[in-house]
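Number of protein chains: 2
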Amino acid sequence: LFSEYLTVYFTFLLISLEGLYFSDGRRKVDYVLVFHQRRHSSIRCPVGTSVSQDRLSIVSNGNFPQSVSSDAVAGRGGGMPGEEAANAGEVFMELGFAGGSEPTEPADHEMRLIRQEFEANLLEAGLEIERDKEVSVKAHGPSFTRLHAPWPVLCREAEFLKIKVPTKTESGFGSSMSTIWRKLNQPFQPKVPHQDHERTKFLSHCFSRDKLHLYNITSKDTFFDNATRGRIVYEILRRTVCVRTCQTIGISTLIAKGVYDAAFPLHDVSVLHEEWARYSAFYKYQPIDLVRKYFGEKIGLYFAWLGVYTQLLIPASIVGIIVFGYGVATVDTDIPSLEMCDERLNFTMCPLCDGACDFWQLSTACGTARASHLFDNPATVFFAIFMSLWAVLFLEHWKRRQISLSFSWDLTGIEEDEEHPRPRYETILLQKRQRKQKKKKNKKKNETAIDKLTWKDRLPGYFINVSSILFMFGLTFSAVFGVIVYRITVSALMAMSPDPETKSNVRVTVTATAVIINLVVILILDEIYGAVAVWLTELEIPKTETNFEERLILKAFLLKFMNAYAPIFYVAFFKGRFAGRPGNYVYVFNDYRMEECAPGGCLIELCIQLSIIMLGKQLIQNNIFEIGIPKLKKLVRALKDKGSAETEKEEERPPQQWNLDHALAAFEGLTPEYMEMIIQFGFVSLFVASFPLAPLFALLNNVIEIRLDAKKFVTELRRPVAIRAKDIGIWYNILSGMGKFSVIINAFVISFTSDFIPRLVYQYTYSQTGTMHGFIDYTLSYFNVSNFKPGTAPQNSGDITVCRYKDYREPPWSPDAYQFSKQYWCVLAARLAFVILFQNLVMFLSLVVAWVIPDVPKTIMEQLKREKKLLVDVFLREEKEKFQLIQRPTQAGDGGGGPRARCRAASFSQFTRKNPSTLPRNENENSRHTAV
Amino acid sequence: LFSEYLTVYFTFLLISLEGLYFSDGRRKVDYVLVFHQRRHSSIRCPVGTSVSQDRLSIVSNGNFPQSVSSDAVAGRGGGMPGEEAANAGEVFMELGFAGGSEPTEPADHEMRLIRQEFEANLLEAGLEIERDKEVSVKAHGPSFTRLHAPWPVLCREAEFLKIKVPTKTESGFGSSMSTIWRKLNQPFQPKVPHQDHERTKFLSHCFSRDKLHLYNITSKDTFFDNATRGRIVYEILRRTVCVRTCQTIGISTLIAKGVYDAAFPLHDVSVLHEEWARYSAFYKYQPIDLVRKYFGEKIGLYFAWLGVYTQLLIPASIVGIIVFGYGVATVDTDIPSLEMCDERLNFTMCPLCDGACDFWQLSTACGTARASHLFDNPATVFFAIFMSLWAVLFLEHWKRRQISLSFSWDLTGIEEDEEHPRPRYETILLQKRQRKQKKKKNKKKNETAIDKLTWKDRLPGYFINVSSILFMFGLTFSAVFGVIVYRITVSALMAMSPDPETKSNVRVTVTATAVIINLVVILILDEIYGAVAVWLTELEIPKTETNFEERLILKAFLLKFMNAYAPIFYVAFFKGRFAGRPGNYVYVFNDYRMEECAPGGCLIELCIQLSIIMLGKQLIQNNIFEIGIPKLKKLVRALKDKGSAETEKEEERPPQQWNLDHALAAFEGLTPEYMEMIIQFGFVSLFVASFPLAPLFALLNNVIEIRLDAKKFVTELRRPVAIRAKDIGIWYNILSGMGKFSVIINAFVISFTSDFIPRLVYQYTYSQTGTMHGFIDYTLSYFNVSNFKPGTAPQNSGDITVCRYKDYREPPWSPDAYQFSKQYWCVLAARLAFVILFQNLVMFLSLVVAWVIPDVPKTIMEQLKREKKLLVDVFLREEKEKFQLIQRPTQAGDGGGGPRARCRAASFSQFTRKNPSTLPRNENENSRHTAV
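Read top to bottom, the protein sequences are chains Y and B.
Residues in the first sequence are numbered from 1 upward in steps of one, following full-length UniProt numbering.
Residues in the second sequence are numbered from 1 upward in steps of one, following full-length UniProt numbering.
Hint data in this document are derived by calculation from the structure and do not stem from the laboratory.
Incorrect hints may appear among the rest.
As the list makes no split between identical chains, a pair holds if one copy fits it or if it spans any two.
Pairs of lysine-lysine, DSSO-like flavour, derived with a Cα cap of 30 Å [said to hold, decoys possible]: (1) Lys543 with Lys865; (2) Lys164 with Lys789; (3) Lys191 with Lys858; (4) Lys436 with Lys162; (5) Lys712 with Lys726; (6) Lys399 with Lys858; (7) Lys164 with Lys865; (8) Lys164 with Lys726; (9) Lys257 with Lys617; (10) Lys858 with Lys298; (11) Lys452 with Lys399; (12) Lys634 with Lys293; (13) Lys164 with Lys284; (14) Lys452 with Lys438; (15) Lys543 with Lys858; (16) Lys726 with Lys858; (17) Lys858 with Lys432; (18) Lys865 with Lys436; (19) Lys456 with Lys191; (20) Lys183 with Lys211; (21) Lys211 with Lys543; (22) Lys257 with Lys634; (23) Lys617 with Lys298; (24) Lys633 with Lys168; (25) Lys865 with Lys456; (26) Lys712 with Lys617.
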């Protein structure tokens with residue numbers, strides 16, 4: 001399996017030297033556009049034919065200039081220096097030739113025209129284009145258009161995008177780590193070129209063409225790394241319009257319309273593969289800076305987050321193991337479990353089912369009692385509090401890490417990019433506008449222009465949304481209920497079976513099979529819900545991609561969360577609470593008694609449920625869905641390609657990088673990756689009181705998950721465009737919400753699901769000796785066998801007159817027999833009091849923790865101040881010279897500045913604030929000079 | 001009272017025409033520095049003598065240039081246009097003369113030198129100075145130095161401070177109010193000049209000397225309003241250094257050192273007085289924009305916040321009145337109070353004190369039972385939930401308002417001003433450095449320079465802080481306990497008195513006097529704690545003023561909150577819970593029984609306590625402390641001045657504005673104003689379940705408070721410098737913390753203090769008929785009189801064998817007599833369950849409310865987009881022309897730009913992002929032109 005990857009990887013490596021450049025071997029391929037030559041029956045561009053008469057001038061809020069088509073040709077290729085411009089022109093001619101030479105069907109022809117215009121506009125924006133020579137020959141295969149951004153274009157766009165680049169000035173980053181710590185840490189550090197990065201950070205600055213002398217430009221080809229180049233080209237692709245042939249803007253719309261099949265930058269194999277995307281590097285830190293350099297900030301942040309989460313799982317796992325160890329160590333001295341196992345105490349329990357079952361001895365449940373103690377002991381309470389604070393700590397730590405990263409990645413002060421509407425939104429808006437226009441023609445009335453969709457347009461979508469979500473909630477609950485019914489019926493049937501072997505294994509068999517059914521249902525529904533959430537979000541017609549993502553995440557989270565946790569919630573809080581009491585059981589379907597918890601308490605069942613679902617979900621989803629299915633898809637794709645290749649038989653040349661990348665799957669966002677982790681975070685935080693080993697299993701999973709995801713991103717997916725992002729967005733809110741929710745859930749688990757409170761109450765109020773002796777007797781109520789309803793008593797009761805059951809009820813000889821006893825209310829009050837105490841204590845502690853830990857690390861604060869000062873020093877020199885120019889107060893319009901002056905201006909004005917005493921004098925001198 | 005104010009006001013008005021200008025009648029007085037000619041024994045400037053040999057070059061982080069003293073005189077007055085410079089020069093000569101002519105004592109002479117240097121540096125910074133002619137004559141009175149900032153200085157500083165000024169471009173602010181609503185609203189709008197402000201907002205922009213043609217400059221004298229001028233001069237004063245004579249920076253240090261007595265801008269009476277600072281305007285909106293214009297953003301935000309709070313109290317008051325009305329309406333049909341008043345039921349209650357007291361009939365407590373129902377009814381529960389959500393709503397509403405204001409006041413994107421260290425911090429730092437230096441001389445070792453105080457220096461301060469705060473907590477608790485002891489002893493003594501009249505009024509007398517004692521103690525401690533908090537914060541040596549303020553606020557809040565609420569917490573949650581039961585009472589001092597609640601429940605006592613403390617605190621603090629004491633102080637000051645004036649006898653000239661303003665009290669920050677309101681907010685939110693009328697009383701108070709504060713700011717205090725602020729800072733956190741705290745407090749009040757839960761439990765579980773009949777009987781336990789301890793039984797018990805008391809305990813005939821009964825635990829469980837339910841429900845609803853209400857109002861969002869576009873349009877024209885200049889990519893250093901380019905650059909680059917298709921073409925054309 002791994003060797004296969006390596007083969008692919010080395011193939012990459014070999015061709016990377018030639019595969020990443022234009023045929024001249026000098027110009028880098030920054031982006032690839034792909035389209036298939038196929039026979040479409042119709043094109044999905046709705047304006048294609050009607051545009052000529054209607055001439056809609058506004059498609060989106062990216063205002064179309066009216067004159068764009070008239071001077072499009074005049075301005076083309078303007079930004080390129082001589083030689084390369086000529087080159088590009090040549091390519092353009094070739095393109096024009098290719099476009100005109102081959103007659104195609106109408107739809108295809110239309111698309112060809114659109115491509116032609118779009119690519120012409122790209123040329124006009126300064127990009128250079130290369131296409132396959134054999135494009136006119138191969139009629140059905142994928143066709144590649146390769147784009148290259150020359151230096152002037154890169155410079156221009158970098159300035160507009162305010163891309164920060166390192167200057168020559170070092171700002172000594174005072175690493176706060178001691179030498180010993182660094183030495184100890186050494187084996188865990190990845191071997192990356194810039195390992196000394198932490199100590200020498202170069203001051204960075206918005207790129208500006210004015211200031212080229214400040215930057216460390218060794219070569220114009222490598223100054224902007226490939227990710228930045230890709231981003232710049234994507235930016236141009238995103239905003240390039242296509243007015244004449246298809247009123248639209250940007251590559252994503254064209255892909256949505258089917259004009260192009262795909263657009264992606266090329267992979268360039270880097271050190272990432274060796275030091276990051278390998279399982280054998282599992283114990284090392286991730287080279288996050290390289291990841292960010294290669295994939296952009298958004299993906300970089302995901303891996304950084306995953307790293308922080310995994311790292312913080314280590315202490316949680318250790319404490320979890322200790323807590324579990326405490327349980328193991330004390331199981332032999334725990335009085336309640338000893339009492340339960342003690343056959344001499346001879347508790348005769350009431351039968352577990354009607355008629356068929358017999359009375360049984362409590363000591364036969366010794367095993368579950370002992371197992372129960374492993375998870376249900378006082379240390380668990382401590383662990384629940386610990387984990388609640390851990391969750392807060394994790395979030396705080398991440399906040400700090402995020403700020404550190406946004407500082408060292410120079411993300412401070414970046415603005416939100418204004419987004420274009422999604423293609424679907426535009427299409428619907430256009431349809432609406434056309435409908436309105438037709439109406440207007442009929443009515444001859446002047447109405448205001450429609451520039452957005454209102455809630456009225458979305459109403460059907462919302463309606464379907466709400467009803468679908470309700471339906472799916474119903475589905476989830478039915479699934480849970482179905483499994484309950486399965487358990488009840490099967491155990492009833494098995495209990496009636498004459499085979500004693502079957503009878504004795506009832507509980508184990510039923511529980512195991514039921515949990516597995518649960519797991520399968522969860523896995524299936526999970527996939528379905530994922531798809532449904534996308535479909536539902538499309539129905540809402542969100543305007544922008546960000547909007548879409550947020551709505552999708554919320555919906556998917558809600559559905560998947562319900563799906564994964566509904567059975568667990570049932571076991572934790574509902575199972576066994578509605579079973580009734582001997583003589584007055586609750587029945588479903590008139591025949592089957594509601595299920596009770598195991599004699600050792602519900603917590604052990606919760607624990608089993610939780611561990612199987614958590615482990616099963618992780619193992620199956622990781623192995624089958626994340627490794628297997630992509631492999632399968634790839635295989636299918638390869639087979640299909642081979643099929644089409646065989647018909648043409650012309651694959652003599654070795655595959656180029658773009659062919660290889662095209663063969664990979666498209667990148668589809670980080671939502672599934674985050675979602676998986678968030679659901680896991682739920683297992684770790686929500687019910688951690690019942691399963692202290694959850695952090696350990698999460699840790700083991702994540703160590704693999706990081707490398708798995710890394711491999712996927714490097715070798716299985718096309719390279720995504722580097723997207724800037726300041727934070728992990730809505731995921732942080734979801735995490736923090738889950739952290740808060742976990743407090744109350746754990747409070748309830750400890751007080752209601754576990755036996756912690758009854759034990760405390762017994763020990764401190766009822767116990768005569770102050771010890772736990774007699775606790776089991778105290779928790780069991782008495783039942784007079786003669787009070788069984790006819791037909792429900794065991795057939796061969798023998799001489800037993802009184803049996804015991806687990807509840808706090810009055811004995812048969814009390815005036816109000818079988819009513820809840822005073823103990824019941826007392827324990828209930830204690831349980832509720834514990835919930836209040838626990839919840840408010842933990843909430844208070846969380847607030848304190850969040851308040852004590854400053855959001856911005858101190859070193860960063862100091863470094864920021866230092867950098868401010870350095871920036872001032874750097875720009876002071878040149879500003880001083882220019883200052884005389886500026887000092888003509890009444891004379892307007894001197895000195896251009898332009899956008900690139902912004903960074904400088906800001907830092908300069910900071911200077912003036914910091915050294916107040918120098919500046920005014922300077923100024924005065926200047927003005928005196930000019931006045932004299 | 002008011003007429004007196006008016007007289008003062010009109011005096012202001014009359015002199016304002018001449019009093020606000022230099023003697024030439026043309027130059028505005030922007031700032032006044034005051035010093036007294038008095039005989040000091042020593043000056044507090046520690047470097048005064050040692051500076052010559054040590055030559056410390058760094059006093060604070062405001063780096064001193066080494067050359068400042070050498071060219072100080074050379075550069076003076078440089079920035080002024082001819083005529084005025086000459087004028088200033090004359091003034092300077094005069095100053096020099098005044099400085100040299102009169103021989104003074106050493107300390108005084110030193111101060112004179114410092115002033116001389118400081119004022120010389122001010123001149124150098126471009127300010128113009130005027131001093132009283134008779135300054136050399138009057139040896140002991142206050143001396144005024146008046147400052148004027150000429151136009152070039154204003155321009156320069158406005159540019160550096162990035163002050164936003166309106167441009168000529170209107171950005172039609174689409175008011176979302178309908179015409180009808182505006183008509184209805186008309187009477188409540190203040191009559192201010194810019195009433196149409198809401199509809200025509202001028203686009204504003206950072207001031208830049210390049211762009212003067214864009215602004216609406218009708219007159220250079222009035223373009224910057226007086227508050228801005230004051231701020232600009234203050235900025236100069238703040239950063240002007242004084243190196244030669246006293247190594248220090250800024251006016252505040254000089255004031256702290258006693259070189260100057262005061263520094264303030266002058267009041268200029270405006271429309272504020274008529275439309276804002278009058279009680280008769282109480283029903284009107286505040287002219288917040290004018291307030292902000294006059295006092296700056298920080299004070300403007302305070303009044304805006306107060307306005308929002310007061311406005312939102314209106315619905316809360318209305319609902320409160322309705323809830324109270326419900327209580328009044330249902331008091332006659334409430335079965336429990338009817339049963340309590342019913343003499344036929346004949347409940348014989350156990351005596352309220354040992355020996356002296358007799359058995360009593362429950363029906364005699366009918367009054368309190370009925371009163372109790374007014375506040376303790378189901379509507380209260382609704383009201384508690386309502387008020388919790390109201391608190392969230394209030395905070396959300398304020399967030400929106402704050403964003404609206406920061407938009408319309410152009411505060412978006414302002415940076416935090418870098419602050420200079422406080423004078424005290426600098427002094428201590430200097431002392432430390434000197435100590436170290438001496439040590440260094442001895443040891444001849446090169447150590448790193450000391451540039452800040454560490455925790456070691458602050459350790460004693462922290463220690464005193466913690467111990468003092470603990471001591472004051474102790475003090476508060478002792479005060480509460482003292483009042484409890486007072487109540488217990490006095491009621492015991494009165495009960496023993498033979499006079500039946502006294503006996504019958506025990507409870508009323510004791511409660512009333514105790515609450516008044518409480519109130520007095522609270523008021524006294526409040527003042528003490530305020531002073532102590534300042535003292536303690538000084539001990540911590542905070543670095544900056546902001547730091548100081550935050551620490552002070554936290555401390556003062558903690559102390560005052562404890563002080564105001566400790567007795568209320570006692571009554572709500574502790575009173576009567578430790579009283580024991582008949583036959584087993586709890587005693588304090590071996591003799592006095594712990595007090596019990598009134599028969600009607602503790603809620604009525606809580607209500608009395610709360611209302612008296614709240615009302616008393618507001619009335620007394622408002623009237624005596626806020627109106628009376630300043631008046632008294634003024635009187636004292638006036639008498640003193642008159643005394644000194646009489647010795648000199650030369651007050652022939654009418655007092656100038658600066659004389660009048662100097663006679664006012666100094667502005668001492670907004671902390672006390674906020675604090676008062678926050679404590680009030682606590683009364684409104686924390687215990688609102690027990691006193692639904694609290695919002696009403698708060699509303700009444702605040703309506704007056706707004707005008708009272710307004711009057712104070714306009715007529716009683718010197719004009720504060722306009723300070724920029726984006727938000728109300730830490731107060732928001734305190735408010736939101738109180739809102740959260742109030743949820744749990746109200747949950748406990750409803751479930752434990754009120755009778756709500758016992759009634760519910762009775763009605764739904766115990767009551768035979770499902771009604772409340774028999775509730776009183778259910779809440780009273782039985783006590784066998786023979787079980788009284790010897791000597792505690794009433795003397796003349798007659799034939800009574802069994803008496804009743806309010807508790808849930810087993811009757812004497814039960815096997816475990818006098819133990820808590822099953823009912824007790826049942827009710828307790830219900831109470832705790834209610835707390836959990838209430839808390840989580842309200843927290844969830846709060847989250848939903850906060851999530852549903854967007855932080856940024858929609859209109860603002862749209863307006864922001866519109867303004868962005870307008871800004872682009874405005875600057876597009878000129879940028880277009882300059883663009884060719886910029887398009888020389890490799891040629892660095894073209895066109896200055898400087899700080900003023902920042903705004904423009906930002907908006908311009910926004911343009912490029914919005915119209916992506918235009919710009920590249922433009923650029924290409926340009927580069928082609930240059931290339932050709």
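* To do: State the violated hints by number, sorted upward, taking the hints as numbered earlier in the document.
  => Violated: hints 2, 4, 9, 19, 20, 21 and 24.
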